[in-house]
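Keeping their order, the protein sequence lines are chains A and B.
Just so we're aligned: 73 in numbering that gives the first Met the number 0 is position 74 of the first sequence, and the numbers increase by one with no gaps anywhere.
Just so we're aligned: 153 in numbering that gives the first Met the number 0 is position 154 of the second sequence, and the numbers increase by one with no gaps anywhere.
Be careful, since some hints might not be right.
To be verified - Negatives, chain A to chain B, calculated, CB over 10 Å:
| id | residue |
| --- | --- |
| 1 | 90 |
| 2 | 91 |
| 3 | 99 |
| 4 | 101 |
| 5 | 116 |
| 6 | 185 |
| 7 | 188 |
| 8 | 228 |
To be verified - Derived lysine-lysine pairs resembling DSSO-like cross-links, with alpha carbons at most 30 Å apart:
| id | chain 1 | residue 1 | chain 2 | residue 2 |
| --- | --- | --- | --- | --- |
| 9 | A | 145 | B | 334 |
| 10 | B | 23 | A | 146 |
| 11 | A | 146 | B | 5 |
| 12 | A | 119 | A | 146 |
| 13 | B | 334 | B | 23 |
| 14 | A | 146 | B | 10 |
| 15 | A | 119 | B | 23 |
For the record, the hints were derived by calculation from the structure and aren't laboratory data.
Backbone N, C-alpha and C fix where the C-beta goes; we use that ideal spot for every residue, glycine too.
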Amino acid sequence: MSLLDVNDLAIHFGGVKAVDGVSFSVDEGEVFAIIGPNGAGKSTIFNLISRVYQPTRGTIRFDGQNITGFKAHDIAGLGIARTFQNIELFDHSTVLDNLLMGRHTHRATNFVQDILFLPKVRREEREHRRRVEQVIEFLELEAYRKKMIAGLPYGVRKVVEIGRALAIGPKLILLDEPASGLSVEETRDVAFWIEDMRRDMGLTVLMVEHDMSLVNQVSDRVLAVANGQPLAMGTPAEVQAHPDVMAAYLGTGAAA
Amino acid sequence: MRVVFKTSYDKDIDLHEHGQSRAKIAVLLAVMVALPFFVGNYYLAEAANTLIWALAGMGLMVAVGHTGQVSLGHAAFLAIGAYANAALMNAGLPFLLTFPIAGIITGLFGAIIAVPAVRMSGIYLAIATLAVFVIVEELVILLEPITGGVGGIMAPSITIFGISFDRYASLENFYWLCLAVVAIVTWGYANLMRSPTGRSFLAVRDSEVSARALGINVTRTRALAFGLSSGVTGLAGALMGHYIGFFNYELFSIFISINLLLVVTIGGLGFIQGAFLGAILITAVPQAISIARDNLVGIGIDLSGIPGLDTMIFSLILIGFIIYEPTGLYGRWLKIRTWFEIFPLARKDMFRRQKSYLKTERMK
Ligand SMILES: Nc1ncnc2c1ncn2[C@@H]1O[C@H](COP(=O)(O)OP(=O)(O)OP(=O)(O)O)[C@@H](O)[C@H]1O
Ligand SMILES: [Mg+2]
């Protein structure tokens, strides 16, 4: 059964058709990759799913529910987590606090209880912390727990952002170029983590990625887009062999 | 360098990481409680004034330091707190009721005006809050039956369970009252910042787009923060009214708003301690300058003929701080402490700010 259903999705910014008639569905437990040259509309598809943008037309269904009219802050609660291409962490907080912020949808206390720090708040904090520690262990972030984000190397920040998304406890995770800017070793770690997310955590992964070796290694299916339009969909090998895809990458004015 | 070994998550959840910091707070509090036995009325009144400024500073810190909403209108919340409290007391209610109600009224007012204002940020929000300030100032003048109009009103004398807490008749009691209020608010504020609500404030401050992606309702969070901020400032306003005694709209001028902003920025944005350090600076420096000037007269230098000298020196100190210590007094203190803790390993560029990676405009 498909977990995410995107049907005829389109958004136009003035004259720019950033996304124009994209349809795909992601099955539960699948790793699904979106590829395409720069400016193809990949991140915009993510922003549409996470409701940052309102589509010009088309629908998005998650878990059988039409979420096209939902607010951006209602998405995490449904079980959709995301990372950002340009890392959007809370720079002046520690790694631990960033991950704890990922537990927001699970909060069970209101601000009055928080101000009084009632025993319930403490109990909840322990539980949030326990969950976050699992993420820290999974991503091997122990050494950075109490470090401020602002001073961390790029590669670590990237991992923290994945951690924050995992702290939500999602069903579906959207990773926008998880390997960009990472070293070969770091990219290999990301590949292992994606495998584990699927296998051990039962997560469904939708990712945008330029690194074709990573795409080949982890994804079940691939969708190629260019100029906001779908080019081809299938296994990684099928898509890469598709003539339109080859043309988009090698042909006129391809930047990637 | 101190290494704290932690054996349970509770150690991180607790307000104090180690016994020593708890002891330090206890000593500080004890000294503050005992202060009336050591200093005369003049300095005790100054101490009460500093406490009131620290309270107002904490109020503004919630908005500016912890949620990233700059407000030029907080003098208006001081005014609302002061007038609401005085009016309710004049209606015959006891201070124990009027005081929290004044805070709640101010908080609700702040939260309501925050709803349309939350979409704004930076300079636009500052201007909107300035507009609110102007409107409130006009209202204070117009609502003469409650506020005494241009003439002003007298803050009624405080009595709690038959004991006088009057600012003049029993200054010690009034000082202790201020201290108790500040202590309770500080405790609640510290609690807030170690709980989900406080984290959601920081999230909204540092990245709205990720806050939303984590399920945080940015509008509601900012309105809550602004409401709490104005509520606490309203409490400070109520105490300020009593401290001054007889007051009119001029007590809550735009300069008070600006001074409050200075309290939080010079004290250290994003630190509760900053509100205290800033309040001490802003109340003590003018005193120190005038004492220094009096002493200069003693050695034959008379500067009293130069008008505005005090203000100028005061401003220069403030500007110096903003240019050379943008993390505020508390940030400076943290650096000094770290320097000693890791002596002799400190490096010169240790606190240089890391250059942030480029964020594209697309996601904004
Ligand atoms: N808010 C916006 N307003 C106007 N144009 C936009 C907006 N967001 C995206 N676009 C345009 O939509 C197109 C697709 O952008 P998008 O960020 O989705 O590309 P991408 O496939 O993620 O590229 P990259 O590989 O460089 O990340 C680009 O031409 C971009 O300029
Ligand atoms: Mg992109």
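Find the hints from earlier in the document that the structure breaks and name them by number, from lowest to highest. 1, 2, 3, 4, 5
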